[in-house]
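> Turn these sequences into a full structure, and let the hints steer you where they fit.
Residue numbers (the numbering used here), protein chains in the order written: chain A, 1 to 109; chain B, 1 to 241.
Calculated directly from the structure, the hints in this document are not laboratory data. Misleading hints may appear alongside valid ones.
With a straight-line Cα cutoff of 30 Å, these simulated DSSO-like cross-link-like pairs (lysine-lysine) come out [claimed, not checked]:
#1 Lys85/A / Lys52/A
#2 Lys85/A / Lys56/A
#3 Lys14/B / Lys36/A
#4 Lys85/A / Lys14/B
#5 Lys36/A / Lys52/A
#6 Lys56/A / Lys14/B
#7 Lys52/A / Lys19/A
#8 Lys36/A / Lys85/A
#9 Lys85/A / Lys19/A
#10 Lys56/A / Lys19/A
#11 Lys56/A / Lys36/A
#12 Lys19/A / Lys14/B
Listed below are several chain B residues computed to face chain A (Cβ distance under 7 Å; list not exhaustive) [as the list claims (entries may be wrong)]:
#13 Glu22
#14 Val23
#15 Gly26
#16 Asp27
#17 Glu30
#18 Thr31
#19 Leu39
#20 Ser44
#21 Leu45
#22 His48
#23 Leu73
#24 Asp201
Note that beta-carbon positions come from the ideal geometry of N, C-alpha and C, so glycine has one too.
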Amino acid sequence: MLGEFEYVLITTAAGLGEKAYGVAIRDEIEASIQRKCSMGALYTTIDRLEAKGLLKTWVGEATPQRGGRGKRMVRVTPHGVHAAKQFYDSVLRISRGASWVENRMGGTS
Amino acid sequence: MNASAWPWLELSTKLLAPEEREVVLGDLLETHATAWRGLLDIFSLVLHRQAGLWRDPRPWVAALFVALPSSSLLMTASFSVTCTYQRLVHHRVFIGHWPTGHEGFPLLLCHILLLIAWSWTAGYMIGSVSRRTLWASVVLVAASCLHSLCMSASWLCLFLFLPPMMLGIWRGWQGSRISFRAAAVLALIVTVLMISAWTNDALWMANWLLLCPAWYLVVGARRSRPNGGAGFSPLRHARAQ
Numbered sequence: 001m002l003g004e005f006e007y008v009l010i011t012t013a014a015g016l017g018e019k020a021y022g023v024a025i026r027d028e029i030e031a032s033i034q035r036k037c038s039m040g041a042l043y044t045t046i047d048r049l050e051a052k053g054l055l056k057t058w059v060g061e062a063t064p065q066r067g068g069r070g071k072r073m074v075r076v077t078p079h080g081v082h083a084a085k086q087f088y089d090s091v092l093r094i095s096r097g098a099s100w101v102e103n104r105m106g107g108t109s
Numbered sequence: 001m002n003a004s005a006w007p008w009l010e011l012s013t014k015l016l017a018p019e020e021r022e023v024v025l026g027d028l029l030e031t032h033a034t035a036w037r038g039l040l041d042i043f044s045l046v047l048h049r050q051a052g053l054w055r056d057p058r059p060w061v062a063a064l065f066v067a068l069p070s071s072s073l074l075m076t077a078s079f080s081v082t083c084t085y086q087r088l089v090h091h092r093v094f095i096g097h098w099p100t101g102h103e104g105f106p107l108l109l110c111h112i113l114l115l116i117a118w119s120w121t122a123g124y125m126i127g128s129v130s131r132r133t134l135w136a137s138v139v140l141v142a143a144s145c146l147h148s149l150c151m152s153a154s155w156l157c158l159f160l161f162l163p164p165m166m167l168g169i170w171r172g173w174q175g176s177r178i179s180f181r182a183a184a185v186l187a188l189i190v191t192v193l194m195i196s197a198w199t200n201d202a203l204w205m206a207n208w209l210l211l212c213p214a215w216y217l218v219v220g221a222r223r224s225r226p227n228g229g230a231g232f233s234p235l236r237h238a239r240a241q
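Okay, structure coming up:
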């Protein structure tokens, strides 16, 4: 089972598709969860997910705006997609009937 | 970003693995991070990396079970050799003939050879067991030496074992290969010398712990032999794990 931040990272990377790399993922996460994301948390989580086979990373093209340095590109593997879907389904299941969920099934209000 | 801060950021990325350094510096340039934010980012990554490394038992083994006890034992052995030398050469008298009042020149030579071998093999083990947390092992060795200096040991005692130990650490950290035959010969010589010193009542029981690093080299070299036959390389050993 994924952790919360692992799910956020996989979902963000999947959403960015071919443009998923360190800085882009971090900007997207900070914009969507409205919280600072440290480089340490980002890269160690990427490493952990890669070790689990949920992500694949490689050093991509070097660009002038990066001083000729490469990007760490990220791609979600089919295992990663499966794990993220499992996490999402679990959250949906456990949230069913919770008071803060709109259109909850079997709700009285 | 302030241009004067850039060299400091580059310097701090030396704490990261080489392949990660370039990516992180590229990220900082692309995001136009302030020097402060850049430093925070780098140190957060270093801290996360170190925290991850310490979840493995190897850094603990290298620091607490190899570096700390071996440096204390080597310091004591070094002190013993210094006292024996001063007694034999300068005819100094030590109260109660402590620590090795009965030794002659052959046993002194045996002790010096053992000290060099113990120091080098212990250093090699410290350097090779956990390379990325070597700083912690080195800090413990330094702390042990400083503690002994405070207990009035002379600098000469330190210099007897520190150079071979540092050389061993350097070789282990670099991942230098040791052939099985060389490791086995070294371990056998150390064992024979220790038995010889032991039978002449010139060795403490605790000194036997210093034999472990020599046999660690033999076991390591034997394990890596079928994979290439070139000998024991800690780098390859670490990657395999």
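> Each hint should be assessed against the structure and marked as holding or not.
Evaluation of the provided hints:
1. Lys85/A / Lys52/A: With Cα atoms ~16 Å apart, Lys85/A and Lys52/A stay inside 30 Å; holds.
2. Lys85/A / Lys56/A: It holds: about 18 Å lies between the C-alpha atoms, which stays within 30 Å.
3. Lys14/B / Lys36/A: holds (24 Å)
4. Lys85/A / Lys14/B: violated (39 Å)
5. Lys36/A / Lys52/A: holds (25 Å)
6. Lys56/A / Lys14/B: Roughly 25 Å separates the two Cα atoms, so the pair holds.
7. Lys52/A / Lys19/A: Holds, because 22 Å separates the two Cα atoms, which is no more than 30 Å.
8. Lys36/A / Lys85/A: Satisfied, since the Cα-Cα distance of roughly 25 Å is no more than 30 Å.
9. Lys85/A / Lys19/A: holds (21 Å)
10. Lys56/A / Lys19/A: holds (14 Å)
11. Lys56/A / Lys36/A: Holds: Lys56/A and Lys36/A sit about 24 Å apart, inside 30 Å.
12. Lys19/A / Lys14/B: Holds: Lys19/A and Lys14/B sit about 28 Å apart, inside 30 Å.
13. Glu22: With Cβ-Cβ at 5 Å, under 7 Å, it holds.
14. Val23: The hint holds - Val23/B has a Cβ within 7 Å of chain A, the shortest such distance being about 5 Å.
15. Gly26: Status holds, d = 3 Å.
16. Asp27: holds (5 Å)
17. Glu30: Nearest chain A Cβ about 5 Å off; hint holds.
18. Thr31: holds (6 Å)
19. Leu39: Nearest chain A Cβ about 11 Å off; hint violated.
20. Ser44: Cβ of Ser44/B sits 3 Å from chain A, so the hint holds.
21. Leu45: holds (4 Å)
22. His48: It holds, given that the least Cβ distance between His48/B and chain A is near 4 Å, below 7 Å.
23. Leu73: violated (37 Å)
24. Asp201: Cβ of Asp201/B sits 53 Å from chain A, so the hint is violated.
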